[in-house]
Amino acid sequence: MSNANQVDPAKAAELFILHDQIHEPMHDRFLWATMQRRDAEAAAIPEWEELREIASKIKEHTLTHLDHYLEEFEENATKRGAHVHWALDAAEHNAIVYSILKDHGVEELIKSKSMLQEECQMAPFLQNRGIRVIESDLGERIQQLDGQPPSHIVFPAIHKTRQDVARLFARTVGTDPNNDDPHLLTEVMRNNARPRFLAAGAGMTGGNFAIAETGTFMVCTNEGNADIGASVPPLHIASIGIEKLIPRVEDMSVFLRLLARSAEGVPLTQYSSHFTGPRKGGELHIVLVDNGRSRRLGMPDFWHSLKCIRCGACMNTCPVYRRSGGLSYGATYSGPIGVILDPTFDEFKYSELPFHSTLCGSCTDVCPVKIDISDQIFKWRRVMAEKGYLPLTKRLSFAVAGRILGHSEEYHAMESLAGPAMVLAPHFLLYNRSLNPWGRSREIPPIAAQTFRNWYLENRSEHADIEQ
Amino acid sequence: MQTSNSSRETILGAIRNNLPKNKVEHPRIPLFQRSGRPLKSEFEQHLKEAGGVAHDVPTVAEAEAKLLTLHPGAKVICSAVPEISGTRRVERVHAPHELADVDVGVVRAQFGVAETGAVWLTQEDLVVDALAVLSQHLVVLLDPEQIVCDMHEAYRRVRLNETAFGCFMMGPSATADIEATPVHGAQGARSLNLFFLPPKPIPALRVRQEPQ
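Chains A and B, in that order, give the protein sequences.
Residues in the first sequence are numbered from 1 upward in steps of one, following this note's numbering.
Residues in the second sequence are numbered from 1 upward in steps of one, following this note's numbering.
These aren't lab readings, by the way, just hints derived from the structure by calculation.
Do not take every clue at face value.
Stretches of chain B that chain A covers, calculated by requiring three or more beta carbons in the stretch to come under 8 Å of a beta carbon on chain A [claimed, not checked]: (1) 23-30; (2) 63-76; (3) 81-92.
Dumping the calculated DSSO-like pairs for lysine-lysine here, alpha-carbon to alpha-carbon at most 30 Å [what the hints assert, rightly or not]: (4) A:K57 x A:K370; (5) A:K379 x A:K394; (6) A:K387 x A:K349; (7) A:K57 x B:K23; (8) A:K379 x B:K200; (9) A:K57 x B:K21; (10) B:K21 x A:K379; (11) B:K66 x A:K387; (12) A:K349 x A:K379.
Ideal placement from N, C-alpha and C gives every residue a C-beta, glycine not left out.
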């Protein structure tokens with residue numbers, strides 16, 4: 001698809017882990033605490049598992065009738081006075097947005113968080129054409145000032161310490177680098193953003209859900225920044241992926257009960273805002289974006305990833321994500337959901353991502369819309385192997401392992417006879433610094449003197465005949 | 001600009017070609033068993049957890065007094081409710097930018113949701129949407145009789161086809177973007193005080209109903 005270089009998540013994760021003794025443990029601790037709050041919220045709702053099942057089915061129903069619901073949404077949104085545009089890909093999305101802004105003479109726009117706009121690389125596109133783009137979500141603004149993409153889809157700057165933010169604001173906004181109180185830093189950005197909201201010619205948002213029945217789209221934030229962007233500037237542009245559709249208003253209740261609990265361990269985000277046509281005195285444009293989604297719909301193993309509601313629970317629970325940091329994935333979407341979404345944009349570039357996982361399955365267990373994330377990660381490994389994208393070391397060791405694991409007599413022979421050799425040989429292969437960066441900060445447990453099979457045969461001899 | 005019709009057709013065509021073969025039925029959303037806990041106390045608890053504060057102020061006089069106690073230094077109090085006059089009527093505001101100097105916004109919510117502590121506010125309640133987010137502080141009036149148990153009941157009550165803007169607002173603006181530390185007043189209201197106050201009967205309505 002493209003000849004961009006493969007991203008190397010293991011190497012990038014190593015840099016994050018070895019950087020110092022502060023960032024990686026902090027990142028791990030914050031996200032695990034978020035996961036524990038999620039677990040407590042989920043446990044407090046007796047129908048939690050039923051809600052997950054219903055949410056999954058609503059999404060599957062919508063996706064298997066997506067053409068119908070998109071047309072219904074367009075018709076109702078148009079009826080309410082919104083302008084609905086269709087963008088085939090990122091380039092067309094950006095061109096449409098630019099054209100609307102140019103028609104309105106907009107020089108500066110203020111936007112809330114939108115992973116889709118990240119995916120489309122919209123901000124650099126507009127800035128290259130002379131339009132100033134200001135992120136208003138605090139975490140996104142921090143990342144924008146630092147010239148970095150968001151590292152987490154819900155907490156964009158979660159990999160940074162308060163000292164990092166204090167130094168960044170000192171450098172970019174001129175505050176005291178030694179005052180790292182989060183209250184003060186938040187206040188600084190509030191005061192920095194207010195005049196920009198008032199001056200902006202347009203506000204941009206994403207959309208968490210789009211309701212076909214009424215032509216409504218809704219946006220969840222904690223800061224209220226999407227609401228300011230939508231209610232103050234005269235022009236509101238929303239970028240919405242075509243997979244965000246749901247059929248009816250009452251369906252929203254299921255998703256809102258799951259979303260913030262899964263994302264942050266709270267009942268709702270502070271603001272759950274519903275936009276149906278332009279506000280009084282305003283103008284509203286909705287850009288429906290495909291950018292590979294219709295193609296993904298046709299992939300039998302992977303179309304369920306379109307059910308994603310971007311809560312980030314899979315990231316918070318993932319032992320690999322928590323220790324690697326989101327930026328190590330080198331892609332718009334990080335964590336387990338990123339592992340299965342990113343290769344649909346560029347298989348070669350993201351061919352290493354499916355191996356950035358332990359396949360522990362926790363992501364699948366917590367996903368509020370029951371995406372089979374870990375199964376898809378496994379299937380993507382197979383795709384990468386079939387396409388010949390595996391790095392040489394993996395190809396060699398998998399070939400040996402495949403042969404041995406595929407033949408039980410060879411496996412048992414290797415287990416008992418070559419046991420002592422295994423203690424040395426695999427360590428060299430697995431923990432060689434240049435062959436496998438995964439092993440560098442970890443150690444495998446020592447190999448037992450006796451194999452389990454032999455122990456079982458000795459100690460549970462009444463069952464020995466089963467094995468003989 | 002008008003989108004080229006061809007992208008629309010291309011996208012819908014690609015979707016139709018790629019639709020999964022097995023159609024999935026829309027599931028029924030059942031009525032879930034509720035705890036039976038009093039709605040008002042559950043609402044208050046969740047509002048508190050979200051950073052809001054509820055007050056019992058059964059009369060308009062008490063509401064006005066409470067507002068002044070909570071915000072003694074407020075210069076601009078912009079009101080969207082008949083009970084509290086404030087220093088500025090939102091009906092007289094033409095552009096949202098005129099709300100940039102509002103210290104306290106006062107609005108009545110249509111209903112609250114016990115499960116979350118959120119209140120439902122629409123463009124009609126706010127008159128100017130930006131009142132909800134440009135005001136430094138918010139005072140929200142709520143009839144204690146108007147609390148629904150959960151989000152399912154809440155969505156049966158909203159009328160999205162009748163309003164351009166509707167928001168479930170759960171406490172004040174918040175963020176935890178710096179070291180996961182909760183901070184209120186990120187971009188929208190710094191505080192949200194909720195007054196349990198039933199609306200006063202509208203006398204004009206009774207007059208109109210008189211015969212002759």
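Now the hints, each set against the structure:
As drawn, the segment 23-30 of chain B meets chain A at 7 residues by the rule of a beta-carbon pair under 8 Å; at three or more, the given contact holds. Under a criterion of three residues with beta carbons nearer than 8 Å to beta carbons of chain A, the stated coverage of the segment 63-76 of chain B fails, only 0 such residues being counted. Only when three residues or more bring their CB closer than 8 Å to a CB of chain A does the claim for the segment 81-92 of chain B stand; here the count is 0, and the claim is violated. For the hint linking A:K57 to A:K370, the alpha-carbon distance of about 9 Å falls within 30 Å, and the restraint holds.
For the hint linking A:K379 to A:K394, the alpha-carbon distance of about 16 Å falls within 30 Å, and the restraint holds. A hinted pair counts as satisfied when its Cα atoms are at most 30 Å apart, and A:K387 with A:K349 qualifies at roughly 12 Å. Distance check on the hinted pair: A:K57 and B:K23 sit about 11 Å apart at the alpha-carbon level, within 30 Å; holds. Pair hint A:K379 plus B:K200 does not hold up; C-alpha atoms about 63 Å apart against a cutoff of 30 Å.
Annotation: proposed proximity of A:K57 to B:K21 holds, straight-line Cα distance about 15 Å (limit 30 Å). Distance check on the hinted pair: B:K21 and A:K379 sit about 20 Å apart at the alpha-carbon level, within 30 Å; holds. Between B:K66 and A:K387 the CA atoms are separated by roughly 69 Å; this puts the pair beyond 30 Å, and the hint is violated. As the CA atoms of A:K349 and A:K379 are separated by approximately 17 Å, the hinted pair is consistent with the 30 Å bound.
The structure fails to meet hints 2, 3, 8 and 11 from the earlier list, while all remaining hints are met.
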